[in-house]
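Asks: These protein sequence lines map, in sequence, to chains A and B.
For the first sequence, my numbering gives the first residue as 43, with consecutive numbering after it.
For the second sequence, my numbering gives the first residue as 43, with consecutive numbering after it.
Treat each hint with caution, since some may be false.
Identical copies look the same in the list; a pair holds intra-copy or inter-copy alike.
Unchecked claim - With a Cα cut of at most 30 Å, we get these calculated DSSO-like pairs of lysine-lysine:
| no. | residue 1 | residue 2 |
| --- | --- | --- |
| 1 | K425 | K239 |
| 2 | K239 | K379 |
| 3 | K425 | K379 |
Hint data in this document are derived by calculation from the structure and do not stem from the laboratory.
2 protein chains.
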Amino acid sequence: MRVIVLGADGYLGWPTSLHLSARGYEVVAVDNLVRRRWDTLCGTSSLVPISTMERRVARWAAETGRTIQWVRLDLRNRADLTELITRHRPDAVVHFAEQRSAPYSMIGAEQAVETQVNNVVGTLNLLFALRESAPECHLVKLGTMGEYGTPNIDIEEGFIEIEHNGRRDRLPYPKQPGSFYHLSKVHDSHNIMFTCKTWGLRSTDLNQGVVYGCNTPETQRHPELRTRFDYDDIWGTVLNRYCVQAAIGRPLTVYGRGGQTRGFIDIRDTVRCIELTIANPPQPGEYRVFNQFTEQFSVGELAERVREARRAHGLETEIVHLPNPRAEAESHYYNAKHQKLIDLGLQPHFLAQTLIEDVIQTVERYRHRVRVETIEPRVDWRKGALVSLRSRRAGDRSRRARSTLGR
Amino acid sequence: MRVIVLGADGYLGWPTSLHLSARGYEVVAVDNLVRRRWDTLCGTSSLVPISTMERRVARWAAETGRTIQWVRLDLRNRADLTELITRHRPDAVVHFAEQRSAPYSMIGAEQAVETQVNNVVGTLNLLFALRESAPECHLVKLGTMGEYGTPNIDIEEGFIEIEHNGRRDRLPYPKQPGSFYHLSKVHDSHNIMFTCKTWGLRSTDLNQGVVYGCNTPETQRHPELRTRFDYDDIWGTVLNRYCVQAAIGRPLTVYGRGGQTRGFIDIRDTVRCIELTIANPPQPGEYRVFNQFTEQFSVGELAERVREARRAHGLETEIVHLPNPRAEAESHYYNAKHQKLIDLGLQPHFLAQTLIEDVIQTVERYRHRVRVETIEPRVDWRKGALVSLRSRRAGDRSRRARSTLGR
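The shape of chain A in the complex, shown without the other chains:
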């Protein structure tokens, strides 16, 4: 089976490429490498050093004898993308190739527009390319649990049966996304749903929770196979950030009251979910949604978990509450369904103290690479970028960044 992974240079795209290749899928890994440029722009950097895509695929071949084909391509270039789809006629396309940071999308007008254009146009180009050259192909699209927001009723998987004034219908679940990034995923979902219905494409929209962890069995095989690990205010996810704060002896910073509850998933489960989704495609014309997470936590609870893991080693960790830079409810009802991937065979890795310890150990190995000044929030949901996002280390170029990124 031939699979194209779009966004294969990212935190999850790369481990997914390896996971699928290890299981015998013929993998074409595609990326425009913009994520590395965004790091330069934001003064951020992966804690774990990562190799070039060329070295990664060469190392993977040397280690396993398996070939991953690497293609540098930007989805906004419709002609190139159509040519790629036509050439490979994949059985499935896994689409990670989006700007995926909520804080980045909230820096200012330029980044909001960039996020929505990049994500919406890339996905539209992909949908047209599939209609033209691979209408049977299964589009596995990464969405986000953040599409739903925090409604006061249970969150279903994509659709909800509504009874209203004595009549019933099964309708798309109402969306209340909380950033221009999350909004872009809602736009994508509507566009994809429409093309499934109208053109008969088939797609699974994976509304993923917040991912944590830094390794999969494949990325651990060699240093050159590692995936990126982000802990900063722009690209880092909350548990990964806490682990970095704990490892460098800083307080864990909880935004606001900490009652914000979300779905979470271990990176090892992400790659397995993608595999299960590909192995169980929808019918032609079907658009389905899986909620891809395994457990719910509040961000305050997660901080406690990290503190407990440290305490088991006799280490004390402070937890502090920062003014919340995001506009979001800090205590709310949250009960999101996540049954469909379990039904397909997912056996979750639940969050354990050992995982937290593993992550902290990894961090400790690279603690000299931590850029402390990138951890505290620099983007406010109401005002945009609060300060220049450029790290001071970047020197002269920071002035240019201030004029383009600052407000």
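Since chain A is already given, all that's left is putting chain B on it; use the hints.
Replies: Chain B only, in chain A's frame:
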């Protein structure tokens, strides 16, 4: 009170500008004139001759002594738009400035992307400009009833109270738009709702039905004040198209079975709805939705109405059914609420035989301008453009159009 009308060169933007100016509003009329370029591209043309914006505002001043300020500007240019908002600090902005044809958006990838980028980026730029320079300003945004699709339950005005597993919430009404154009309006709605909640902007989203009619009292004052009248497959709305077909002695073409039911509104009520909305602004931070239509009809019923109006004059009109170029249900439940504008004082012009006769009389005056070849559908929802959209009259340039518009 100062009002900026964006998209003031269009079918509704121009009569709205006149209606508001006549009632003492200080009006700034803004457009990038792309609608006239799209006509050239599609081989289409307004049946009623229209003047340049310069002549229109000069004529309006001569007729009434009132000034409408005309500004040529593209909303995709964020710097220009921000400067405009900063200079005028309007009390309200009426936003018609979008690509508004569903068939145009379905021609092919280029037009789908153009539609979504134009509409989404223009609106994002406007939201950022308002945050920066006029956060109290009331954004009156034109949406469409087509955002809702045709659910099997009653359509509410923007939000619906849902009871689910013993809990309740008032949530955004689920959207099932039926073209890349309608999708772009759903994207806008989500973006606007978010900025009201997060930045405290205030907005009314007017989900308008299908508009018919060609005159308002203001446009009738002088030939140079007329607004455009479209009857073709790309830009024409269904009742206007039927009137043209009747006037030139052609059969009325109903798409598919004709059971497609939609909300409709007279152009004279559109301008009044905008006025009522401006006069009754929402609270800061409030995002509200009005369904802006006055009656529901199926497209088959509308054809019958036109036939009856002709029969009253002893004229027989044929009705034929064409294969439906759109992907849509041809018989379905439809009951959409439209109470909020009535509550604000709208007294609807219901569809009457006299209105149909008036429109047909107007058409007869310009029947020499009808381009018959642009009436039958040239865009299929499943396949895109079926033929070159360029009128044969355009001569040599049609070859270029074929290569850019055809599939």
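Asks: A separate judgement is required for each hint: does it hold in the structure or not?
Replies: Hints and how they fare:
Proximity of K425 to K239 under the C-alpha cut-off of 30 Å is restricted to the inter-copy arrangement: shortest distance 13 Å between copies versus 39 Å within a copy. For the identical chains of this complex, K239 and K379 are neighbours both inside a copy (24 Å) and across copies (26 Å), given an alpha-carbon limit of 30 Å. In this assembly of identical chains, the alpha carbons of K425 and K379 never lie at most 30 Å apart, being 34 Å within a copy and 37 Å across copies at closest.
Checked against the numbered hints above, the structure violates only hint 3.
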